[in-house]
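Asks: So you can see what is in the structure, the chains are spelled out below.
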Amino acid sequence: MALKPQHTEWEKFHQPWQTLGYTTLFALGISVMSWLFDGQSDWGTHVVVSLSIGWSIVLAFIALNGLMNRVLNPYVAPIPIITLGLSIGLIISGWLVTNNMWYFFAEDFSTLVTGIFFGVVGTTIFATRARLKTASEQLVQAHLIQERQEKLMAESELKILQAQIEPHFLFNTLSNIAGLIRHNPDAAEQTLVNLTTLLRAALGRTRTGHTTLAQELEIAKAYLEIQSIRMQGRLTYRITCAPGAGHVPLPPLLVQPLVENAVKHGIDPSESGGQILVDAALAEQMLTITVTDTGIGFQDHPPTRGTGTGLGNIRERLAAIFGDRASLTLHEHPPQGTRAQLTLPGTGIA
Amino acid sequence: MTTAIVVDDEQHIVEYVQAKLATLWPQLNIVGTANNGRTALAAARELNPDIAFLDIHMPGMTGLELAEALPPACKIVFITAYDQFALAAFEQAAVDYLLKPIQDERLRQTVTRLQQRAHTDANERQNLIAAIKQALPQKQDRYLQWIRAGLSDTTQLIAVEEVIYFQADQKYTTVVTPTGEHLIRRSIKDLEVQLDPAQFWRVHRGIIVRVEQIVKATRDLRGRYTLTLRDSADTLRSSASYSHHFKQM
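Chains as they are written, first to last, in numbering that gives the first Met the number 0: chain A, 0 to 349; chain B, 0 to 248.
Check before you lean on any hint, since a few could be wrong.
What the hints assert, rightly or not - Computed far set for chain B versus chain A, every beta-carbon distance over 10 Å:
id, residue
1, M0
2, T1
3, I29
4, G59
5, A68
6, P100
7, N126
8, R147
9, P177
10, I183
11, R204
12, V210
13, S242
Claimed, not checked - Chain B regions said to be covered by chain A (calculated; three or more residues, Cβ under 8 Å):
id, region
14, 3 to 11
15, 42 to 51
No lab work stands behind these hints, which were simulated from the structure alone.
All of these numbers come straight from a predicted model, not from anything done at the bench.
Glycine included, every Cβ here is placed at the ideal spot set by N, Cα and C.
Work out the full structure, taking the sequences as your base and the hints as a guide.
Replies: As structure tokens, then:
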């Protein structure tokens with residue numbers, strides 16, 4: 000995730016009330032100073048004049064800042080805004096103090112000069128404050144993003160490992176072997192061999208970073224074979240692969256999580272069980288892997304949960320490797336069950 | 000004579016437990032076996048066994064649900080493979096349980112305990128089951144988890160976990176995810192009541208956003224907020240009447 004371009008500091012008036020408050024304090028300070036220098040009129044007049052000017056400039060900024068920044072260079076943009084705000088402020092205070100809107104333009108220029116001076120100084124102070132704030136916000140945000148990315152990396156590695164061999168699955172399979180070993184030694188041996196295939200893949204592959212479609216399907220087969228022995232008649236499966244597609248290089252563990260989902264969320268919760276079809280097809284330079292099950296299908300409120308996160312993990316990895324050239328979608332499979340469809344470039348990660 | 004039923008969705012585990020029990024407790028009469036919760040319940044009601052060995056993870060009806068429905072006099076031994084949540088709960092509640100693969104020594108201990116314990120207390124069992132259920136991860140099945148989006152001839156499923164925000168679009172609602180937008184035939188109002196309020200906030204008459212996605216909320220003079228999102232370049236505008244969420248931020 001990239002940092003979005005930040006707004007210029009002039010545009011940062013996202014706490015207008017606060018800015019107005021500070022402006023009021025600033026204007027009151029100016030009124031005291033000018034009153035002391037002036038010595039003729041009373042302090043109230045100075046307050047009225049400086050507040051009128053200060054508030055007008057701030058309101059002009061709030062109203063016009065976005066527009067001016069789009070039209071003008073950010074260093075030039077404040078000039079027309081200050082000019083406008085100051086003029087309005089002088090007109091208002093002229094009218095309030097002398098009943099003559101043009102008094103400060105025609106009779107007394109000292110207020111105009113003071114106004115320009117403090118208008119520029121005030122705006123610079125506020126802009127600097129906003130810029131400092133933006134900078135520290137950006138820093139905090141950058142830290143947050145970095146932390147999040149690191150966490151995601153660590154999490155996805157962990158998830159890859161767990162996606163391969165879930166503890167529950169491992170212990171269940173071992174218990175199966177123990178149960179089968181006496182009265183069905185062939186099935187026990189089969190299960191042991193398939194479990195070894197899965198373990199070898201799990202321990203060796205996360206580090207190598209890629210695999211082939213044929214190997215992925217081999218692992219899916221080992222997993223499905225173990226589950227079909229465990230569930231006896233409840234699970235049947237079929238794996239088909241287009242000729243020539245087997246050698247396509249793939250990132251590891253795209254297919255097995257889909258097959259595992261089909262078992263866990265489709266077939267296993269169903270008392271009558273069902274069938275899982277895994278198919279890999281090449282068409283128009285795209286490789287499409289579909290995993291279809293005839294299980295309970297998706298319900299608004301499913302009895303098992305956690306698929307969304309698993310799919311999100313695969314999507315993140317696909318996006319990191321293939322950008323928008325790969326996709327993973329989930330569909331209902333009428334009359335019953337679910338179909339997961341994975342599409343990626345036919346050349347794989349090569 | 001003491002009677003028992005053995006229930007596991009895997010038939011060879013049932014046979015395995017039967018065989019082990021035959022050697023460790025020859026006097027025990029295993030009157031029935033079952034491979035799912037519903038047949039087990041029917042069998043238990045008919046045979047009225049003293050003891051039930053129950054697998055926790057079964058299709059249709061889980062071992063816990065089954066245990067709740069069994070006659071109160073029936074003693075229960077749970078069977079489970081690795082399950083960190085259940086195990087912690089068992090230990091805490093001192094429930095009889097067997098771990099797969101079942102070890103002879105453990106089964107012998109369980110048998111001895113069962114033989115010593117003359118009767119069970121129905122209340123005690125209810126409390127135990129309640130304690131176990133509490134320790135198990137809470138199912139969020141009160142809230143919507145999948146959204147169906149109709150494409151020409153197939154129905155695509157979108158995990159609610161992936162949604163960034165929902166936006167009303169006349170009669171329909173646009174669902175925005177990191178991978179794209181989908182139009183669904185469901186109103187924002189209807190969605191609001193079905194989504195987890197801790198995860199989704201309605202910030203406008205026509206917008207529901209995932210809280211986690213909000214990176215920044217910028218307030219304007221009229222009390223509305225502009226929301227910057229994490230995984231989308233779109234900015235959303237909250238209306239003043241729905242901005243109570245941000246007041247405490």
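Asks: Determine for every hint whether it applies to the structure shown.
Replies: Taking the hints in turn, this is what the structure says about them:
| no. | hint | in the structure |
| --- | --- | --- |
| 1 | M0 | holds (26 Å) |
| 2 | T1 | holds (24 Å) |
| 3 | I29 | holds (16 Å) |
| 4 | G59 | violated (5 Å) |
| 5 | A68 | holds (16 Å) |
| 6 | P100 | violated (4 Å) |
| 7 | N126 | holds (25 Å) |
| 8 | R147 | violated (7 Å) |
| 9 | P177 | violated (7 Å) |
| 10 | I183 | holds (13 Å) |
| 11 | R204 | holds (24 Å) |
| 12 | V210 | holds (15 Å) |
| 13 | S242 | holds (14 Å) |
| 14 | 3 to 11 | holds (count 4) |
| 15 | 42 to 51 | violated (count 0) |
Checked against the numbered hints listed earlier, the structure breaks hints 4, 6, 8, 9 and 15; every other hint is satisfied.
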